[in-house]
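Engineer: Required output: the full structure, derived from the provided sequences and hints.
Number of protein chains: 2
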Amino acid sequence: VTVTEKVDLAAALATFDEPFQPWIVARYNDNKVFVAKVRGEFVWHSHEDTDDFFLVLDGRLTIQLRDGDVELGPGEMFVVPAGVEHCPKADDEAHVLLIEPIGTPNTGDSTERDAAPEREL
Amino acid sequence: VTVTEKVDLAAALATFDEPFQPWIVARYNDNKVFVAKVRGEFVWHSHEDTDDFFLVLDGRLTIQLRDGDVELGPGEMFVVPAGVEHCPKADDEAHVLLIEPIGTPNTGDSTERDAAPEREL
Chain U
2 VTVTEKVDLA AALATFDEPF QPWIVARYND NKVFVAKVRG EFVWHSHEDT
52 DDFFLVLDGR LTIQLRDGDV ELGPGEMFVV PAGVEHCPKA DDEAHVLLIE
102 PIGTPNTGDS TERDAAPERE L
Chain Y
2 VTVTEKVDLA AALATFDEPF QPWIVARYND NKVFVAKVRG EFVWHSHEDT
52 DDFFLVLDGR LTIQLRDGDV ELGPGEMFVV PAGVEHCPKA DDEAHVLLIE
102 PIGTPNTGDS TERDAAPERE L
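So the protein lines, in turn, are chains U and Y. Here the working numbering is used: the first residue of the first sequence is 2, the next is one more, and so on. Here the working numbering is used: the first residue of the second sequence is 2, the next is one more, and so on.
FYI, nobody ran anything at the bench for these hints, they're computed from the structure. Predicted model, so just to flag it, every value in this text is computed and none were measured. We put the CB at the ideal spot given by N, CA and C, even for glycine. You may find that some hints are simply not true.
[Claimed, not checked] Subject to a maximum C-alpha distance of 20 Å in a straight line, what follows is the list of computed SDA-like cross-link-like pairs (lysine to any residue):
no., chain 1, residue 1, chain 2, residue 2
1, U, 33, Y, 33
2, Y, 33, Y, 21
3, Y, 33, U, 50
4, U, 7, Y, 66
5, U, 38, U, 118
6, U, 7, Y, 90
[What the hints assert, rightly or not] From the derived model, a few chain Y residues whose C-beta atoms are all more than 12 Å from chain U:
no., residue
7, 19
8, 38
9, 88
Structural biologist: Spelled out as structure tokens, the structure:
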């Protein structure tokens with residue numbers, strides 16, 4: 002996928018099933034624009050140097066923060082500020098569009114789980 | 002709106018009617034995340050120093066490029082590369098989520114139309 006092609010996000014999400022695997026669909030300046038499926042609970046982590054952009058496309062996503070949960074449905078977005086610990090989870094399955102700088106590990110500063118490789122659809 | 006609040010994009014779009022006016026709903030690092038209504042044709046322009054992120058939330062958007070048109074429906078996105086001339090239009094009305102660096106005029110290098118002020122919902 003190059004930046005000069007349009008991306009149908011639902012079609013991109015239909016090409017894989019693995020949860021918590023970021024699939025890059027486009028690039029915006031120095032950022033990767035990616036989709037992921039959230040099923041179950043991820044891992045608590047933070048990104049010291051970058052905000053973390055979440056937009057729910059389908060399903061319901063809970064972004065757990067130390068101060069409380071943010072509950073997102075389709076068409077709802079949230080930006081986790083840099084340095085803020087968070088742990089995404091979905092009781093069923095949620096489809097999410099995310100934006101982070103290229104090279105940012107999806108697990109941030111966590112040592113509990115290996116970072117997923119950056120894969121491009 | 003601060004970055005620590007969630008944003009319901011449809012609700013944000015329901016609060017205004019003016020076409021081609023960017024309304025900032027969140028910030029992601031040095032970028033503004035904003036929504037806009039496209040009705041009719043905007044103006045040909047380019048942004049020399051930044052890509053331009055478009056995600057259609059509702060309706061149909063045509064991003065005219067000098068090489069041809071990109072047609073986007075709901076859930077479809079496109080990144081206009083930096084320096085590439087483009088002119089968004091919608092025959093009916095399209096609701097769009099956009100991302101650009103803070104301070105980027107929505108009219109880019111165009112002199113045909115005044116840039117809209119950055120307004121925050």
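Engineer: Report holds if the minimum CB distance from residue 88 of chain Y to chain U is greater than 12 Å, and violated otherwise.
Structural biologist: Non-interface label stands for residue 88 of chain Y: nearest chain U Cβ at 16 Å, farther than 12 Å.
Engineer: Taking only the CA atoms, is the gap from residue 33 of chain Y to residue 50 of chain U under or equal to 20 Å?
Structural biologist: Distance ~17 Å between residue 33 of chain Y and residue 50 of chain U Cα, so the pair holds.
Engineer: Is the claim that residue 38 of chain Y lies outside the interface with chain U correct, judged by CB distances over 12 Å?
Structural biologist: holds, 15 Å
Engineer: Has the given pair, residue 33 of chain U with residue 33 of chain Y, been kept, meaning a C-alpha gap of at most 20 Å?
Structural biologist: Holds, because 16 Å separates the two Cα atoms, which is no more than 20 Å.
Engineer: Checking one constraint from the list: CA of residue 7 of chain U to CA of residue 90 of chain Y, max 20 Å. Satisfied?
Structural biologist: It holds: about 16 Å lies between the C-alpha atoms, which stays within 20 Å.
Engineer: Given the hinted pair residue 33 of chain Y and residue 21 of chain Y, is their Cα-Cα distance within 20 Å?
Structural biologist: holds, 15 Å
Engineer: Between residue 38 of chain U and residue 118 of chain U, is the straight-line Cα distance small enough, at 20 Å or below?
Structural biologist: Given that 20 Å is the threshold and the Cα spacing comes to 15 Å, the pair holds.
Engineer: What's the verdict on residue 7 of chain U and residue 66 of chain Y, does the C-alpha distance respect the 20 Å limit or exceed it?
Structural biologist: Answer holds: residue 7 of chain U to residue 66 of chain Y is near 13 Å, not above 20 Å.
Engineer: Checking a non-interface call: every C-beta of chain U should be farther than 12 Å from the C-beta of residue 19 of chain Y. Is that right?
Structural biologist: For residue 19 of chain Y, whose nearest Cβ neighbour in chain U is about 21 Å away, the distance exceeds 12 Å, so it holds.
In this structure, every one of the numbered hints holds.
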